[in-house]
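Make the complex out of the two chains shown on their own, each in a separate frame, by following the hints.
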Amino acid sequence: MEQKELKVSAIKNGTVIDHIPAHNLFKVISLLGLADIPNQITFGTNLESHKLGRKSIIKVADKFFADDEINKIALVAPQAKLNIIRDYEVIEKKQVTIPDEVVGYVRCFNPKCITNHEHITTRFSVVSKDPLELKCHYCEKVTSEKEMVII
Amino acid sequence: MIKNKSLVSINDFSKDEILRIIELAADFEANPDQPLLRGKVIASLFFEPSTRTRLSFETAINRLGARVIGFSDVNATSATKGETLKDTIIMVSNYADLIVMRHPLEGAARYASEQSRVPIVNAGDGANQHPSQTLLDMFSISKTQGHLDNLKIAMVGDLKYGRTVHSLLMAMSYFNPKFYFVAPDELKMPQEYKTFLDEKGIEYEEHTDMADVLPEADILYMTRVQKERFSDLLEYEKVKNTYVLRNSMLDATKPNLKVLHPLPRVNEISTDVDQNPKAYYFKQAENGVYTRMAIIASILGVK
Ligand SMILES: [Zn+2]
Numbered sequence: 000m001e002q003k004e005l006k007v008s009a010i011k012n013g014t015v016i017d018h019i020p021a022h023n024l025f026k027v028i029s030l031l032g033l034a035d036i037p038n039q040i041t042f043g044t045n046l047e048s049h050k051l052g053r054k055s056i057i058k059v060a061d062k063f064f065a066d067d068e069i070n071k072i073a074l075v076a077p078q079a080k081l082n083i084i085r086d087y088e089v090i091e092k093k094q095v096t097i098p099d100e101v102v103g104y105v106r107c108f109n110p111k112c113i114t115n116h117e118h119i120t121t122r123f124s125v126v127s128k129d130p131l132e133l134k135c136h137y138c139e140k141v142t143s144e145k146e147m148v149i150i
Numbered sequence: 000m001i002k003n004k005s006l007v008s009i010n011d012f013s014k015d016e017i018l019r020i021i022e023l024a025a026d027f028e029a030n031p032d033q034p035l036l037r038g039k040v041i042a043s044l045f046f047e048p049s050t051r052t053r054l055s056f057e058t059a060i061n062r063l064g065a066r067v068i069g070f071s072d073v074n075a076t077s078a079t080k081g082e083t084l085k086d087t088i089i090m091v092s093n094y095a096d097l098i099v100m101r102h103p104l105e106g107a108a109r110y111a112s113e114q115s116r117v118p119i120v121n122a123g124d125g126a127n128q129h130p131s132q133t134l135l136d137m138f139s140i141s142k143t144q145g146h147l148d149n150l151k152i153a154m155v156g157d158l159k160y161g162r163t164v165h166s167l168l169m170a171m172s173y174f175n176p177k178f179y180f181v182a183p184d185e186l187k188m189p190q191e192y193k194t195f196l197d198e199k200g201i202e203y204e205e206h207t208d209m210a211d212v213l214p215e216a217d218i219l220y221m222t223r224v225q226k227e228r229f230s231d232l233l234e235y236e237k238v239k240n241t242y243v244l245r246n247s248m249l250d251a252t253k254p255n256l257k258v259l260h261p262l263p264r265v266n267e268i269s270t271d272v273d274q275n276p277k278a279y280y281f282k283q284a285e286n287g288v289y290t291r292m293a294i295i296a297s298i299l300g301v302k
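Quick note, the sequences are listed as chains U and S, same order. Residues 0 to 150 in numbering that gives the first Met the number 0 are what the first sequence spells out, letter by letter. Residues 0 to 302 in numbering that gives the first Met the number 0 are what the second sequence spells out, letter by letter.
Derived from the structure by calculation, the hints contain no laboratory data. Since the model is a prediction, treat every value here as computed from it, not as a measurement. Beta carbons are placed, not taken as given, at the ideal position from N, Cα and C, and that holds for glycine. Any given hint could turn out to be false.
[Stated by the list, open to error] DEER-style ranges, computed between Cβ atoms:
| no. | chain 1 | residue 1 | chain 2 | residue 2 | range |
| --- | --- | --- | --- | --- | --- |
| 1 | U | Val148 | S | Gln33 | 45 to 55 Å |
| 2 | S | Asp86 | U | Val126 | 43 to 53 Å |
| 3 | U | Phe63 | S | His206 | 53 to 63 Å |
| 4 | S | Glu22 | U | Ala34 | 52 to 62 Å |
| 5 | S | Ser13 | U | Glu146 | 24 to 34 Å |
| 6 | U | Gln39 | S | Ser230 | 18 to 28 Å |
[To be verified] Reference excerpt, derived from the structure (chain U facing chain S, CB under 7 Å, subset only):
| no. | residue |
| --- | --- |
| 7 | Asp35 |
| 8 | Lys111 |
| 9 | Cys112 |
| 10 | Ile113 |
| 11 | His116 |
| 12 | Tyr137 |
| 13 | Cys138 |
| 14 | Glu139 |
So here's chain S without its partners, still in its complex pose (with noise of 0.2 Å):
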């Protein structure tokens, strides 16, 4: 099903795939050494810096045993004498067996899979999709929950921008989730998401305090609040420190929560919850390697 498939939205992938690469990504977590990709090439292409994907993206690739050819920073590229990304896409797609792509503009993955010989892994374009974040998010809460099915889940912080929550949310449904968004108002979960949840029947609640919500949650997914999103500056420094998350806090909560947060963290997660048992954000970081490797092993159907 997934072979050959590019992966360019989470919506492009249903409910059994999603299930799928979560499954694998646990049997490459528990076995990391498995050269399957000997011999293959696969590019890795940065249009725009992103450190940490990029580092999970090739490490995946490494332990598949892969080679990796690609560029980090679009300014050592021919991009930027004026080629095309068609033109990149085409050559490249020429060389190479995958493609890993990073791009500022929305929309270039999807085009990109269009020009390409071979399948596109979307490594985020633009505000729009990150679709292996997602599932490394899934993975993550199939993982420390033991199962995805009617999980408590609460949103903090910018559920407006945030792309990775908004993904998350869509993907979730799958599973008759219950959803607690919790922003300032200028940062509110928008009205098309609350539609699809009230379309597909699927409970949420809004809040604007973080406490209210902290003793029913499964799972606690931190967001960053940017001083950059707020049109009116006075309304950010009422709300700056609303979202932060104290160890205190979670005194009161699930002996099963935990947390999540897609990193890099500003100081919306204090460092005194990093010791806390339920702080899990370091080894979501780490579980992306895994369910990349679980990717692009069912792309090119080694797996």
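In isolation and in its complexed conformation, chain U is listed as follows (with noise of 0.2 Å):
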């Protein structure tokens, strides 16, 4: 336990993301907008895990996420457990849901979808959250996990 918190540095404030699959690590950072915030960011990857094998860490310095924010990123990280940091001690834990309606961020996957063609706000509802399955607000395809692209 204490050589695993050595990998990835604490933090005094602010929120860690951990039970990230590794494999979708750089979907959440960009599902979060990670990459264009001025926080400090510590990311470990590839770090053993019982439940999901390799798995990746979050650890981002004073921010602490609105719920819609965060559970954008339950569709790559379904089983993502947040802990919310104050001076050092974690003082709430949180798990994500995934929301009913998919706004903004999925691309549809019917290469025939006016979405794919016209800048359009992508819309989704959820049809089923396991396996996940999202159904187009515009060409009434469904998109499975599989076939789904974050934009």
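Okay, structure coming up:
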């Protein structure tokens, strides 16, 4: 346990996102827009995990996510766990939940969908959470987890 | 209810709204000369050509006394110069009282309905929806059977890609039907529709031979089996003559059976069927005009 903690340095205040599947780390980074914020961020990836095989962890200093913001990552990291840190102490633990509607961050898999031809904010209703299935508000086709591309 | 509402997908209409359209279509058939929309302008925007659908809509508009603006071929419009669908729709919705549109991309009509100030009637968006076809099919079924309840409906041919059969299945599910799906293995009814029926407790059977279901059916809904749909051309050669209806096959069918087809037909119904009183597909196409009159009149609130 101690050794694992050493791999990614501790933060004073902020959010630790744990149990991200290693292969989806960069999707999580892009969904949360972490590349574009000035905060100090530490990543660890390919860490051993009983649940996931290889997991990633992200620590974002001085950042506290709103629920609808953080729930976006549920699509690619449904088991993600959040630790909210104040003064080096975990003051709250949270889990992500898959939203009922997905607006603006997933591309429709259907090449003939209007959203892939004009600048349109994509909109899906989540018709199944496990396995993940998103029904496009426009073309009415269902995008599966395998076909899902994050914008 | 229907007033000022866009018709994008058949799922936009409730059971009562479907019944209302059917009732109105019957009224327009009895009295086709009702210029209720004199002074109105209706846009007919065909971003891909479809002569039959366009003529049917424009006949309906003319019979209602409204004027038509629009285009029948995208090559004649600024869309080919790169104008977005959004801009075209915003502009036209400032001119017209209602827009009928056909577009090759799926979801185009839904998107247009969100940009437009006036109602949109979807006349087909790619392989997605063509709700006026479904409503005219329902009108044809209701008219020939006297009602829509508890009917046995056989669907034959391309049940995988055929949007008309999918929409008809969804809409008929309000009326406790039993379905017979007859298709080659490569073109079977997709699982999502079978799941939908299972959830609703609606019975269906799957067959590969039309003869198995012909004696049972009240409605025989034929569709075209297209060569392009097959990954294996040998498979196409094997089945291409299996899904062809010939006049002699109608001998042992119910007296109330009617044969429907969304047209155009190629060879899946041989021409000797045309003289059989059970052949209904040309009348079905004519019903399209009354159905479209009913749709437009109810959306514009004159019926
Ligand atoms: Zn789509």
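Going down the list of hints, with the structure as the test:
{"no.": "1", "hint": "U:Val148 <-> S:Gln33: 45 to 55 Å", "result": "holds (50 Å)"}
{"no.": "2", "hint": "S:Asp86 <-> U:Val126: 43 to 53 Å", "result": "violated (32 Å)"}
{"no.": "3", "hint": "U:Phe63 <-> S:His206: 53 to 63 Å", "result": "holds (60 Å)"}
{"no.": "4", "hint": "S:Glu22 <-> U:Ala34: 52 to 62 Å", "result": "holds (59 Å)"}
{"no.": "5", "hint": "S:Ser13 <-> U:Glu146: 24 to 34 Å", "result": "holds (32 Å)"}
{"no.": "6", "hint": "U:Gln39 <-> S:Ser230: 18 to 28 Å", "result": "violated (53 Å)"}
{"no.": "7", "hint": "Asp35", "result": "violated (28 Å)"}
{"no.": "8", "hint": "Lys111", "result": "holds (5 Å)"}
{"no.": "9", "hint": "Cys112", "result": "holds (5 Å)"}
{"no.": "10", "hint": "Ile113", "result": "holds (4 Å)"}
{"no.": "11", "hint": "His116", "result": "holds (6 Å)"}
{"no.": "12", "hint": "Tyr137", "result": "holds (3 Å)"}
{"no.": "13", "hint": "Cys138", "result": "holds (4 Å)"}
{"no.": "14", "hint": "Glu139", "result": "holds (6 Å)"}
Hint violations for this structure: numbers 2, 6, 7, all remaining hints satisfied.
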